[in-house]
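Going down the list, the sequences are from chains R and V. So for the first sequence, numbering that gives the first Met the number 0 puts the first residue at 0; every next one is plus one. So for the second sequence, numbering that gives the first Met the number 0 puts the first residue at 0; every next one is plus one.
Simulated from the structure, these hints should not be mistaken for lab results. Do not take every clue at face value.
Taking CB as the label site, the calculated pair distances span [as the list claims (entries may be wrong)]:
id : chain 1 : residue 1 : chain 2 : residue 2 : range
1  : V       : ASP379    : R       : GLN80     : 31 to 39 Å
2  : R       : PRO55     : V       : SER261    : 47 to 55 Å
3  : R       : ALA372    : V       : ALA170    : 54 to 62 Å
4  : R       : GLN28     : V       : ALA372    : 48 to 56 Å
5  : V       : GLN203    : R       : CYS297    : 52 to 60 Å
6  : R       : ALA349    : V       : GLN203    : 51 to 59 Å
7  : R       : GLY362    : V       : ASP373    : 36 to 44 Å
Straight-line distance between alpha carbons at most 27 Å, and here's what the computed BS3-like set of lysine-lysine pairs gives [to be verified]:
id : chain 1 : residue 1 : chain 2 : residue 2
8  : V       : LYS82     : V       : LYS115
9  : R       : LYS71     : V       : LYS382
10 : V       : LYS115    : R       : LYS360
Calculated from the model, a selection of chain V residues having no Cβ within reach of chain R, i.e. all distances over 12 Å [claimed, not checked]:
id : residue
11 : SER35
12 : ASN36
13 : ALA371
14 : GLY376
The model shown is predicted, which means the values in this text are computed figures rather than measured ones. All C-beta atoms in this analysis are idealised placements derived from N, C-alpha and C, irrespective of residue type, glycine included.
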Amino acid sequence: MTRVAFVLLFGWVTVAIGQAQSPPEAAAQLAARISSQLPRHPTVSLELQNLSTMTPGDLSSFGRALEEQLRKSGLPMTATQPEVRAHITISENARGLLLVAEILTGDNRTVIMQPWIARPTSETKPRIRILRRPVWDQPEPILDLLLLNSESELLVLSPTAVLSFHLADGKWIATGVAALSLARPPARDPRGRIESTPGGFRVYLPDTTCTGTLQPMLTVACGPGNEAWPVNPRDPSFVVRWVTDRNVLESPNFQSAFYDGANGWFSTAGHRIVDRASNTLAVPEAWGTDFANIESSCVSNPTVLASGSGDNSDHDQAQAFEIASGRATPVSESMALPGPITALWPAETAGQATLVVRNSKTGNYEASRLGLACAE
Amino acid sequence: MRRRAWAWLALSSIWLGALTGATRPRYGGTLTVELSNASLMLDPASAAGHLSPAIAETLVQMNARGVIEPQLALAWQNEPDNKRWRFSLRSKVTFHDGEPLNAVSAAPALLAALKKKYGDVTVTAGGQTLVIQFEHPMPDLLAELTRPETVIVHKSDTNPVIGTGPFRVVAWEPGRRLTLAAFEDYWGGRPFLDSIVISLGSGQARADVFDIPFGATRRVVPEGTHIWTSPPSELIALLAANPQSTLSQALSLAIDRAPIVSVLTQRRGELAFGILPQWLSGYAFLFQTAPDLARAKQLISQLRLPSINLTYPANDSFARSVADRIAINARDAGITIQPTTNPGGSLTLVRWPLESVDATAELIRLSGFLGAADRAGSIDPTKPETLYEVERALLDDHRVIPLVYLPEIYGLAPRVHNWEAAQKRDPFRLNLENLWVDQ
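The following block holds chain R by itself, in its conformation from the complex (with noise of 0.2 Å):
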């Protein structure tokens, strides 16, 4: 399981990736691998192609360190005339990049490879005011979470458990794991609910419903059940159940099944979003399935953030939408996101969502907090 640091203020954090190297770091390993090959440190041309997904930045970064640690290693780099040429192309196989180094000299050719698991390209900040602050991503679903205690506390719903973590040093803990007794299999798109309690806290399954305690030790015990809860937790009047072996929900206040709901409009299986009396509301092509209540002093209209449209599995976005007169206006930009979402949330603490992402490169779920600012 991996951790990605807590960071108190919202802000873009940068997910380390265990043993990913820099360009200049791969190049380095590239570079002394080369010249432990030609001992008697002949004069040598570099040649680069790229056969790879890489950037162009990359590239251009890695040309560079390339060139300087083979000087740095006592290789004179020609471009005419050389004693030897070094033929370097990043290549990629089903693993990941691969460097692959041919060393000429004369007719003799000599063959270096070796993998590069590059780091991901950062996330360029955008110029909208949604605000992410990361709290947690594991290679399982998380089909939701929880922040308790002045958010000292984590609570992490997976499909068959319940985790908990303290957080010391600004860094989560793990100091418990419950699992979760199913009444059935895990639907195949899983989706749940977890809400705090006054003496621990509830989690909603389909056709699973579990009680929990925190104190003195992390206990659940689940039934069999679809049992009713808010789907924002600052409003009661708004309940809903799951249906049994299904990724849907169906409630009181509407007539059918829907994926999400917020402020009286539901997300149906009609890729639609329609009120109580089937009135369509207008939203932009890019609108989602996933939509949750989020509450903002900038705006003056109920405010939603939605998820966007499409089979796409590399990557999703997430936008805020004011709702006012049977209509959806963008009110932020769209924010791009490593991955499909998976699931979106109003939170407990108001003004916040809870989101998960898939990141299609890591195949890891990664869980944050969303938060609105206003722009200057």
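Fit chain V to the given chain R structure using the hints.
Relative to chain R, chain V alone:
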């Protein structure tokens, strides 16, 4: 060699891997599929290919990066000598007939599959633990257990394949149709689709999903159809009966692959100079060469060559076209080649489908087919150079002359969702349980 059977129609190992796009998937509906190959069977050991992946599962599976992942086995450990392996089975898994998966219910199918290749294997069962024992070291057992032949199944009088997968067999008419229904109790979560109807030997393009084979009579693709192309997943190559011969060396210099790709595959194929494609090895570009007719003529100038038979698979119009093309190139170099479907030619045109995304496993497997399994012993999976060196040596023998890599191509109706996301898990396998359709 056995044609990979609808390998894209495979299982995901764990429900945790269920992939979805940005739009939340929808449950229900029937997916219709048309496949041109009428000889596919349900039996995973069938030489004609099989349809079992959506129905049955293996102990472990390989992900898109060639890493072994749990499937029906959650954990495993091996003794240092690699002769004894212990597998802990996933709990709360049932077969489609309601029988629970445990070591006793899993052992017979596993033992029968392994016995076909390894006479010294024994499988002992206790609770949820399977112990697989060999008298010889089996360091590659995990890769072996990803193969479809080792699926955990049993059968009844009415159902030929009772597995643990996301879909169960409802009706099976060999050579015509397979009907599957969602397995409600699937341990990985019920699939999104309610059912799948697969028509075999169909030349139509009216289904939600249909294959577009090379060389066969082209399907008329309806407007709005999305075409999905896999990475290169099959190697078309020439096998020479006499390796290291001047003839095969000259032939490899004479063959011009470009027209095969541009004309015969209509630019959907890829030039093949190595055994493994570039996307899998990362170094295939190192093998690239240009045709050298003058050098080919020079090589054979002192030889008195008889007419050579080139055997290609019967009923394979694409292979026939390639063989004809080779004959033209050869004639230009002064070599007379006669394409034929009669076996026993000095040259054989082969189709080698990839079966794994693990470059090491594929190279070892293909080395075996080339009768050079011993060479693969020097491969160190952590050192790509060792794969390159082995492949280089195999090519230098001129026993095999790679020609072209082919992808698999499918037409998809607009109502089919999650195809791209689902295929990412494995470049040429698709998790059907993660597909969903508009209704």
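Cross-check of the supplied hints:
In this structure, V:ASP379 and R:GLN80 meet the distance hint of 31 to 39 Å, their C-beta atoms being roughly 37 Å apart. Range check, R:PRO55 to V:SER261: about 29 Å between beta-carbon atoms, so the 47 to 55 Å window is missed. A beta carbon spacing of about 59 Å between R:ALA372 and V:ALA170 agrees with the range 54 to 62 Å that was offered as a hint. A beta carbon spacing of about 33 Å between R:GLN28 and V:ALA372 contradicts the range 48 to 56 Å that was offered as a hint.
At about 56 Å, the CB distance of V:GLN203 to R:CYS297 agrees with the hint of 52 to 60 Å. Remark: the range hint 51 to 59 Å for R:ALA349 to V:GLN203 is upheld by a beta-carbon distance near 57 Å. Taken as a hint, the range 36 to 44 Å holds for the pair R:GLY362 and V:ASP373, whose Cβ atoms sit roughly 37 Å apart. With a C-alpha separation of about 17 Å, the suggested pairing of V:LYS82 with V:LYS115 holds against the 27 Å cut-off.
Our distance criterion of 27 Å between C-alpha atoms is met by R:LYS71 and V:LYS382, whose separation comes to about 26 Å. Annotation: proposed proximity of V:LYS115 to R:LYS360 is violated, straight-line Cα distance about 39 Å (limit 27 Å). At the 12 Å boundary, the C-beta of V:SER35 stays outside the reach of chain R, the nearest C-beta of that chain being 26 Å off. With a least beta-carbon separation of about 26 Å from chain R, V:ASN36 lies farther than 12 Å from that chain, consistent with its non-interface assignment.
Remark: the non-interface label on V:ALA371 is consistent with the geometry, its nearest Cβ contact in chain R lying 20 Å away (cut-off 12 Å). For V:GLY376, the requirement that its beta carbon stay farther than 12 Å from each beta carbon of chain R is met, with the minimum near 19 Å.
Of the numbered hints stated above, those contradicted by the structure are hints 2, 4 and 10, listed in ascending order.
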